[in-house]
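There are 2 protein chains.
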Amino acid sequence: MKIDPAKKADLSAQIAQAIRDAIVEGRMIVDERLPSEAELAEQFDVSRPTVREALKRLAAQSLIRTQRGAFGGAFVNRLSYEEAYGQHVTTSTLLLSMNAVSFETACEARYALERACAPLACARRSADHLATMRAEIHRQAQPGLSDESFCASDVAFHRALVDAAANPVLSYQLAGAVEAMQPLMNMITFTARSRETIESLHTRIADALAAQDEDAADTALHELEAYTLTLGRDVMAARARKSAPSSSV
Amino acid sequence: MKIDPAKKADLSAQIAQAIRDAIVEGRMIVDERLPSEAELAEQFDVSRPTVREALKRLAAQSLIRTQRGAFGGAFVNRLSYEEAYGQHVTTSTLLLSMNAVSFETACEARYALERACAPLACARRSADHLATMRAEIHRQAQPGLSDESFCASDVAFHRALVDAAANPVLSYQLAGAVEAMQPLMNMITFTARSRETIESLHTRIADALAAQDEDAADTALHELEAYTLTLGRDVMAARARKSAPSSSV
DNA sequence: TACATTTAAATGTCTGACAATTTCAGCGCA
DNA sequence: TGCGCTGAAATTGTCAGACATTTAAATGTA
Chain C
1 MKIDPAKKAD
11 LSAQIAQAIR
21 DAIVEGRMIV
31 DERLPSEAEL
41 AEQFDVSRPT
51 VREALKRLAA
61 QSLIRTQRGA
71 FGGAFVNRLS
81 YEEAYGQHVT
91 TSTLLLSMNA
101 VSFETACEAR
111 YALERACAPL
121 ACARRSADHL
131 ATMRAEIHRQ
141 AQPGLSDESF
151 CASDVAFHRA
161 LVDAAANPVL
171 SYQLAGAVEA
181 MQPLMNMITF
191 TARSRETIES
201 LHTRIADALA
211 AQDEDAADTA
221 LHELEAYTLT
231 LGRDVMAARA
241 RKSAPSSSV
Chain P
250 MKIDPAKKAD
260 LSAQIAQAIR
270 DAIVEGRMIV
280 DERLPSEAEL
290 AEQFDVSRPT
300 VREALKRLAA
310 QSLIRTQRGA
320 FGGAFVNRLS
330 YEEAYGQHVT
340 TSTLLLSMNA
350 VSFETACEAR
360 YALERACAPL
370 ACARRSADHL
380 ATMRAEIHRQ
390 AQPGLSDESF
400 CASDVAFHRA
410 LVDAAANPVL
420 SYQLAGAVEA
430 MQPLMNMITF
440 TARSRETIES
450 LHTRIADALA
460 AQDEDAADTA
470 LHELEAYTLT
480 LGRDVMAARA
490 RKSAPSSSV
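Residue numbers (the numbering used here), protein chains in the order written: chain C, 1 to 249; chain P, 250 to 498.
Because the hints were derived from the structure by calculation, they are not lab data.
It should be emphasised that the depicted structure is a prediction, and the values quoted were computed from it without experimental measurement.
Glycine included, C-beta positions come from ideal geometry on N, C-alpha and C.
Just so you know, not all the hints are guaranteed correct.
Stated by the list, open to error - Partial pick of chain C residues on the chain P-facing surface, computed with a CB cut under 7 Å:
{"hint": "1", "residue": "S36"}
{"hint": "2", "residue": "M98"}
{"hint": "3", "residue": "S102"}
{"hint": "4", "residue": "A106"}
{"hint": "5", "residue": "L113"}
Using the sequences provided together with the hints, build the complete structure.
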């Protein structure tokens with residue numbers, strides 16, 4: 001790990017990469033303490049600030065955690081699902097917002113992934129998950145709900161559906177995708193009529209899970225995807241008309 | 250963005266969060282230049298090294314890029330699929346290796362996700378994707394191939410399957426999951442007999458995609474999952490016998 | 001105009017110092 | 001002995017100032 005070839009990259013980036021490799025390749029195990037900043041500086045033959053920049057890079061990725069005081073230092077961090085999930089959501093959200101991903105593409109991906117876990121959710125759904133889904137459906141029916149709150153509830157509903165599959169790896173991958181789509185969904189204005197339709201589809205999904213009916217769940221998810229797509233297209237069309245009214249006259 | 254409440258966290262972490270928020274919330278747009286380190290230091294009323302630590306945290310997440318020289322500085326980075334994909338793979342790999350995810354769970358997630366994109370891949374697969382899959386199948390049949398190379402080819406095959414769905418969001422989410430499982434897969438020793446079985450299943454999948462037969466693809470993926478699971482369990486069982494031989498006597 | 005040189009602005013790095021925090025050992029005291 | 005207090009030591013967090021390096025624009029020159 002002491003190697004530090006005189007490449008063209010920044011020293012702090014090189015040092016961060018060397019330590020990252022050691023962690024990823026298992027040469028350093030969880031909760032193992034790294035040498036102190038002063039020792040690392042000596043090992044890599046750089047100054048302490050340079051070492052610190054490298055450590056901050058690793059901390060930003062939750063690869064290490066630091067602790068002040070005597071017998072403190074930097075420790076290899078056990079990456080928790082929560083930390084990984086948070087990073088995943090941030091990255092996915094930025095990826096969607098910065099790369100002009102179309103509503104259609106995002107929507108298709110989201111529902112394809114959700115349908116993937118529907119069979120598992122049917123087999124394993126607990127009373128807890130069903131209760132959460134019913135509660136969110138009930139919340140979505142409340143009249144005074146803002147569009148943002150409606151979307152948040154929608155995310156919670158779908159998250160419960162994903163979690164019902166009882167596979168943490170699937171939850172991690174999928175919930176990130178669902179949550180990352182929320183900004184796109186927030187652009188949609190939900191009329192009372194469309195909320196009613198969505199609510200009924202959500203109810204059908206919850207019923208299908210309760211009855212452990214894979215086909216019904218798959219069908220309802222397909223219909224929900226088609227309906228969401230319709231809503232999204234309407235919003236995009238309305239926006240296009242507003243921004244370029246002359247072309248439609 | 251100048252806000253900097255005297256909380257308990259490190260200054261560099263607070264500053265990084267403030268800038269991160271500005272980017273995520275769209276107050277700073279892609280390619281926009283951040284103030285220079287000296288200006289940021291003045292704005293936040295901290296020293297330059299502290300500002301630099303904050304910037305390195307953001308650079309580690311590919312949120313910004315820096316450029317030296319006159320008219321250089323830190324710029325909001327357009328997160329590319331490649332960068333996001335790399336981070337996703339690193340995070341997923343660590344999550345799997347550090348959290349004792351069972352082979353069964355990872356395997357289930359992986360194939361559930363792959364089946365999700367099989368229908369899309371059937372509809373949209375290009376000649377290129379089919380050619381890649383055939384080429385990898387051919388490679389897997391070569392006799393001298395090491396287990397690692399066989400796994401790498403397996404990843405490439407499945408990656409082509411995912412990419413055939415022609416949905417970049419799906420590719421990003423899924424390829425990360427597939428690739429993150431490679432270390433787990435590498436633990437399996439592939440006998441000539443098992444390679445033959447896998448190769449025939451891969452051929453069936455490629456054929457199903459070529460024929461645009463969704464059901465055949467789904468069935469073949471299910472069988473491949475079951476077979477992979479069997480192989481994995483055998484390895485685990487053999488390992489358990491070796492590490493605790495007394496209990497079996 | 002075209003090319004070489006200078007210059008300025010910015011990041012990258014180093015040195016040294018001090019502040020804040022945390023643990024632990026040793027001391028005093030009952 | 002046992003307990004609490006205190007201080008030393010180790011370590012990270014922060015600061016100030018300086019110099020090195022890189023890059024592109026500005027300037028000068030043929």
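Legend entry - C:S36 as chain P interface residue, shortest Cβ-Cβ below 7 Å: 17 Å, violated
Inset, instruction - Against chain P, run the beta carbon of C:M98 and see if the smallest gap drops under 7 Å. - result: It holds, given that the least Cβ distance between C:M98 and chain P is near 5 Å, below 7 Å.
Legend entry - Hint validity - C:A106 Cβ closer than 7 Å to any chain P Cβ: Status holds, d = 6 Å.
Inset, instruction - Let me know if the C-beta of C:L113 comes in closer than 7 Å to any C-beta of chain P, holds or violated. - result: Nearest chain P Cβ about 6 Å off; hint holds.
Legend entry - Restraint check, 7 Å cut-off on beta carbons, for C:S102 near chain P: 10 Å, violated
The structure is inconsistent with the numbered hints 1, 3, although it conforms to all the rest.
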